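Chains as they are written, first to last, in the working numbering: chain A, 31 to 655; chain B, 10 to 511; chain C, 29 to 128; chain D, 144 to 319; chain E, 1310 to 1776.
Heads up, some of the hints might be wrong.
Mimicking EDC-like on lysine to aspartate or glutamate, the simulated pairs with C-alpha atoms at most 20 Å apart in a straight line are [unchecked claim]:
| hint | chain 1 | residue 1 | chain 2 | residue 2 |
| --- | --- | --- | --- | --- |
| 1 | C | Lys127 | E | Asp1596 |
| 2 | C | Lys127 | E | Asp1313 |
| 3 | C | Lys127 | A | Glu623 |
| 4 | D | Lys262 | D | Glu273 |
| 5 | A | Lys179 | A | Glu467 |
| 6 | D | Lys233 | D | Asp167 |
| 7 | A | Lys179 | B | Asp376 |
| 8 | A | Lys179 | A | Asp465 |
| 9 | D | Lys233 | C | Asp116 |
Hints were generated in silico from the structure; no laboratory data involved. Only a predicted model underlies this, so the values are computations on that prediction, with no experimental measurement involved.
Residue strings, one per chain:
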Amino acid sequence: MSVLPWLLVGLPATAGLALLVAGRRAEREAAAVGIVVAGVVAVLAALLAATVRGTTSVPFLVVSRLGLRVDGLAALTAMTVGVIALLVLVVALGEISAGRWRFFGLMLVFVAAVMLTVLADDLVGLLAGWEVMGATSYALIAFSWTEPKAVTAGSTALLTTRAADIGLYLAAGAALAGTAGMGGSRLGLSRLSVLPSPWLHVAAAGVLVAAAGKAAQLPFSFWLSGAMRGPSPVSALLHSAAMVAMGGYLLLRLRGLLAAAGWAATTTAWLGAATAVALGAVALLQRDLKQLLAASTSAQLGYVVLAAGLTARGGAVQGGAAQFVAHAATKALLFLAAGVWLHALGTKQLSGLVGAGRRYRLVGAVFTVGAASLAGLPPLSLWASKDAVLAVARGQSLPLYVAGLAGAVLAAGYAGRMIGVVLRPLPVDAEARYDTEAAGTRRVRAVERLPLAVLALAAAALGVLELPAVAGRLGVALGQGDRVSPSWGELALSGGLAVAAVAAAAWRGNRVPSPRWALSWFGLQAAAGAVVVRPVLGLARLLARVDDRLLDPAVAGVATGTRRAARLAARLDDHGVDRAVERIVSGTRRLAEFARRPQTGQVHQYYAQAAVLLGFAVVLLLIVR
Amino acid sequence: MLLSLLVFLPVLAAVVLVLWRGAPVRLVHVVWVAVSVAEVVGFVGLWIAYARGAGRSGANPYAFDTDRAWIPGAGSGYHVGVDGLSLPLLAMTAVVFTAAAVYSRRESRDPLQFAALFLALETTCLGLFVALDLILFFVFFDLSIVGMYFVIAGWGHGATRAASALKFFLYTFVGSLALLLGFIGLYVAADPHTFDMVELTRQMPLAGHGASATLVLLAIAVGLAVKTPTFPFHTWLPPAHTDAPAAGSAVLAGVLLKMGTYGFVRITMPMLPDAWRGLAWLFVVIGVVSALWGALVALAQTNFKRMIAYTSVNHMGYILLAVGAAGLLGGTDATARSVAVAGAIVQMVSHGLITAALFLLAGVLFDRGGTYDMDRYGGLAAVAPRYAALTAAAAFASLGIPGFSGFIAEFQIFAGSLPSATVATAIAVLGILVTAGLFLIALQRMFLGLRRDGRPFADLTGGELLAIGPLMLLSLAIGVFPRLVLGVIDPAARAVVVLVSR
Amino acid sequence: MLQAFLVLSAALFCVGLYGALGQQSVVMLMMGLELMINGVIVAATAFWYFCAPAALDGQVLVLVIITAMTVEMAMGFAVVILLYRASDADMTDSVAEFKR
Amino acid sequence: MYVFGFAVLAVVATAAGVAVFVVDSMARATFALAVSFVAVGAELLLLGSGYLGVITVLMMIMEMAIMAVFMIMFMMNPAGLMPMSMVHNKRGSLAISLGAFAALALGAILVPWPDRRGKPAGDVTRALGESIMGPKMLVMIGVSAVLFATIVSALTMATSRGRYDRSPSAPMGAGD
Amino acid sequence: MNEDPLALLPEALLLVGAVLALLTGSFSPRDRQGRAGVVAALAATGSLIAAVAAAGSSRLVYEHSFAIDAATTTGRLVITAATLLVLALARDTVRGTARESEFYVLVLLASCGASLLSGASDLLLLLVGYLLASIPLYALAGWARNPGAAEAALKTYLLGALFGIVMMLGVAVLTAVGGGQTTYRALAAGLPGAAQAAVAFGVVAVLAGLLFKIGAVPAHFWVPDAVSGATVPAAAFLTTVPKIGGLLATYRFVTVLPDTLVDWRLLVAVLAAASMTLGNLAAFGQDDPKRLLAYSTVSQVGYLLMAVAVAGRTADALPALAVYLAGYSVTNLGAFAVVAALPGRTTIQAFRGAARPHPWLMAALLACLLGLVGTPPTAVFVGKLNIFTATWDGGMQWLVVLAAVNTVASLYYYLRWLGPAMLPTPRDSTDLVARSAAPVALLCGVGALVVGLSAAVVSSAGFALMR
């Protein structure tokens, strides 16, 4: 097979690492390198999608080669990632003015990791891409490393997703266990769905947990909230086509495994639906635009997850993929636009952005298109893709369908709020509401406009993916034979609901309350803190104390600063090595004192002792034969 | 012969240096580095030759085999040789010592003796990994303790260094005696009596002697566990590291700890297979406890070097988990177990490289700031970007991010151990989360945020970069192209699994 | 009859032992040792006479014991002189500089 | 007669032995010791060892003479005639020696000693002489070496001056 | 015939050398007494050569009263070599003193006695060897003629006399119950049928004397006090040469004993355990290096006795004993030589920082002290390894474990001395270095290492002799 898939991973990785190693010396060339490479990657991805199908692998571990597999889903995803990454990097030219070597370097490595995740054909490669993606996301979110909050947010993101990643490690073990005695690449993704019983469930659970963590599904959603501390281009890429979306993608790709495990598919579907509803509600009640978008990411990806979990009527992979792509374009657009405003106006508070769409009309226009798509307004992209998923859901379970529909209404609600806010007339005190985060530039750079326009076009037009002819072919490409199209009734229902909700929200949107539970995303982070982080830290401190007690001579030694090395040994047991050893040592010392007592210096006592001991020796010989 | 020459070249150089007392300091360092580099070249060459099948004869699994009488009365000989198990460790040893040599360019306290001591220490470490005779193994084991004692006591820092050194010495020496008792048990059980490892592996002298085999195994295991160190025996490690000089710590953690884990794979598993299988659950439990205990205690540290020291306990715990799981035969196939063992071996190499780098970096920290207390720093990334970047890379490598060797090791350990020790592995794998957390906290404390004070903090010098950079590059190379090492490790791991399953 | 001689030997030996243990003066202590040897001589001779008179090993043994007694006593006196000259002492109790 | 002789001599030997540590002057103690030895010498005669008995008596007499001289020369209790009680750990000594006696006597009586084998040679003294010049020659060579060593050792310790120190006020030894 | 006059040539040379040295000394002026030393050294060298020449045979001479075999040869070689080292070591201390030649004579006589002990196969000869090896020791201990030396001599003498008497009684009893003859050959035939109580008493009584010679519990009391009071060379001699003869004699003696009658193995094992434990524990708090080494020798005897305890059970016992003895001798002498080489440093605290001014001496001390611990690759390690394996093989695993524990404990006090010595210190030391002790120390240090490293040569030679 061709070298193309490898290039897709290797090129950005190499270029990114080169930038990172070169450091500040590459500051000037960094942006150019980044964009050119991203461009090449986008082209290559498109080329890949157009031409290549199949598997390629190199020897890696003894039980598993490192393989890349290009199928319809992977090709589509890779292309999406490539294009959006390119557009985001272009926009970033305007926003990132210092530390470009670091930004573009990390971004390229990130893209490489995403590509590896997308294409990986086995758990090693998948996990490699998966974890590097997490690590680079840490560095990207914490890009402004002098701000403790940004750094903490990065740490939270990495730790949360890594906690979920453990699932993949377990899945790998299960794969190895379930293929005992078999040859070949035992960690291949395609083998997961045919694992024998206990291991199948372990693998399914592991994959589900890992994906839920990355996709910010319940209960892991909170990391996404903090991740907004990163620069807007980072958010735009992380939350649209990469990182978060990868969780959904993985589930789509491994839907066979979920289906084979049975319960896993159902759980997945319900997880997606629940997240769509819960995080939709959270999004509706935010005050901060980026927080709103973040919550909506979770909610929208809920539909991808839902799609992955659907098994009835041949599944919903086509709808999920469409939802994935449409959401990627839409969300990238919205984040970039939010970033542009943040950059220009210095605020991301909804209250501060009132009328922003009128101040910067192009941005306002594309933002509105994006928001409308997000709202599921016909005939925009997300309307169609969501309904494709929901149609299958209805075939499987009515409650699931209802939940999905509720999520859609909520989505229309928060999208409507955004539209209402940005399209409202500029208030007189607008200037006073700006610059809440940082001093804005009050200027939108030309370089930012083109990508926004492209994305807006995509967000609007990707609905074509649901045109019957396109959708059918897409379904075939994705390996879905018989596809259930949403009925006109369903389409009308969701469209109608969306219109109504948007209208309502745009009208009353500024009166929406922001309860604490919504602002804190159900207090998930606090809960994680209380249930996991603090106990672990407490346990760590406790264990450290135990450990120190056990070995405190060094500590105590530092404190007392005794200098006389001749007394080392004495100090060793004065302060104790550890309890047991200390007792042994002090016991030995006592014994040692005792051992010197016979040596009295008095000959007659030597005589007496020797006589008695010799007597004992005779007795010993007499008694023991 | 060639192998022996490579092993003893450093100590010969040390003798020359000591005898040549008036040598200028610069020249001493040049000699030291040159010899170290020569060792690296030598062992890489040996590796390539081995991979091509050179140096082997007949069915002997060991290449470059030399077997001479030494203490014939006690059935002990000078028997050395290499295989896929020892070669990676030998190369890693040579590399770590080279890094230590390059790093120590500016050692001002008795540089000549320092160099000589390290060269001698290098011979003991190399010797241990080539030894195919238990007594030879033991000799090198003990000599390494003596050498390291002087490194810590003589060139360490802190008022407690002598106490720490003594503690290190006492602990590990006690361990070594338990080891010796176990060896004697093996020797006596063999017929004819012998300390020869190849012969003992062939004979499995205590097979079928339930209780005595278990006792012998426990004796050896205690000795090795102290050195490794695993959970209840690890308390010597943090003070020893805290007070040791940077190069000493790098060697101690990078190389000396591997002596323990290497012993498990080289001695206990092949020679006492049934006892090992009987006690495998114990090693798994100790591995899991060590991994979590080390990670959690490290999480609570504020002293950078102590923190790294505790992460060593964590990483060694994984190795124990893997070798223990390889002894649980139920429900798995040999290949899965060999994955665990291969992971353990890669982990030895990987941990050697990464931890050596981290300790050298800690040395830089102490050199600039005079303390390891992470809270005394902050925002260093602004003034020392190269240092920050390299430390961050090392930290991520240590926490097992793919791309570096640690991932290859830990992935194989977890994947390979899970089939036989499912619950234990599922618990142990939580360790990667804790290590991630602690390294992130450490990075945040030292490098990120705003600077706490305006004290100058010079970035890495070229020399330091030259010492530490190659370690990370090697880790990266193994992480991206694991076949580099797995090519020899895999067969060795399979062989171990076959031996332990007998 | 052997038993009678052995009891005598034991008596002499133990009287000597009592002296060796209880006397402070070095010379008196040596007298105790002599008495012990005395007992040994009786025992050795009795053993020879009553057990294996044909072999002369017992006789030679007695001879060696007597020699030993002589040389030990000679050495004893030499030590006493040394002690007296060097430390101005003749009691064991006063010569206990080294202990523990 | 034989038994009576043995008994008398035994009582004398033991009593004199006890007297050594009971009498209150060193001179008397020396005398008592000599008496004990003479009695033992006589017992040896009863055991058919005329030669050994005689040399025992002679040796002891010589030794006692030397001892007497010694006491006069060196003892803290000059003249050796003063009453004295220089005893320590009396109770312990008594306990140990009585215990030892009980054990030894018990053993002496209870142990089944081997039966007598063979008879003494006609002339024991001559046979002894032949033995030490014959089979036991090495022992006797060794004894001569012991005697040589004793002379050198005793002189090394006892002489106040080395061969080279002529003046009485010379330091006593190299170690001073 | 076995009355081979040349059979005891090595011992005879020592004896004749003693006489000649005395004569040479008598006819030499005070500042020329070194000649006597030369004579003594020549005699010892001659004895060494004679011993080498006599090696390889295995026979009993003088009516089975003296064995010439591997053990004897080992004893002769090690004893004469150690004697030579002591003669060299003593030069600083004795040169020019009034009793210089007497020192040499006494050393030769005691060596002769030790040599006799190592070959004695007759209880009578054992007694004679005991006397010959003991009497010069009293004089050597008191050689310095100061109060300390007097005390040393007194204590050595009094304990030696008591244990000698007990030993004589034991010889009498064993002879009686063993058939009336004193040769081991006769005893080996006669003892199995003897009364148990009598044998038990006899064994303990004879062992008592031997224990005094080797300085083992319960006859160890003289060792620390004598070493503290004696001059360093004398102390080195006291703790080395008699032990060699004594241990070989003990080995030879116990092999005569029937296994069935009394459990002498257990007794020896208990004594070994007690010696090593007591010696180690008592050494813990010592500040005087001499006294510390004295206790350490007590513990070393404990390890050596392990080989005796398994005598006959395993073929490795004797070779192990021989190897350990050789290693112990050179190592122990080396440690004492370092003490002698730095006469100004009389406490272990005074050794602090000595590595700076005296790197080579401290390197020798390092080799010797770690050697005494049993750290590879020193000679004692090889010995210890052999003894441990032999003891384990002989079925006394508990003793091996105890010995290992003791080895650990011993680290404590050796490091208490060694550790500070290696540390840098600002102390300006312009202390005296004894001229002839220092080379001996180095020689021993190197020897300890070389013997350990070339264990192949040494022990294969040893084993070739033994088997």
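Discussion item. So if I understand the rule, the pair passes when the alpha-carbon distance is 20 Å or less; does Lys233(D) with Asp116(C) pass?
Written reply: Measuring from Cα to Cα gives roughly 25 Å; hence the hint is violated.
Discussion item. Hint check: Lys127(C) vs Asp1596(E), CA-CA at most 20 Å. Holds or violated?
Written reply: With a Cα-Cα distance of about 12 Å, the restraint between Lys127(C) and Asp1596(E) holds, given a limit of 20 Å.
Worksheet item: Regarding the pair Lys179(A) and Asp465(A), is the alpha-carbon distance no greater than 20 Å?
Response: holds, 18 Å
Fill in: Proposed proximity, Glu467(A) with Lys179(A) (alpha carbon, max 20 Å)
Answer holds: Lys179(A) to Glu467(A) is near 13 Å, not above 20 Å.
Worksheet item: Do the alpha carbons of Lys233(D) and Asp167(D) lie within 20 Å of each other, as the hint requires?
Response: Since the Cα atoms of Lys233(D) and Asp167(D) sit roughly 15 Å apart, the hinted pair holds (cutoff 20 Å).
Worksheet item: Does Glu623(A) lie within 20 Å of Lys127(C) when you go C-alpha to C-alpha?
Response: holds, 12 Å
Item to complete: For the pair we were handed, Lys127(C) and Asp1313(E), check the Cα-Cα distance against 20 Å.
Response: violated, 48 Å
Worksheet entry | Lys262(D) paired with Glu273(D) [C-alpha distance capped at 20 Å] | holds, 17 Å
Discussion item. Hinted pair, alpha-carbon criterion (20 Å max): Lys179(A), Asp376(B). Please report holds or violated.
Written reply: violated, 30 Å
Hint violations for this structure: numbers 2, 7, 9, all remaining hints satisfied.
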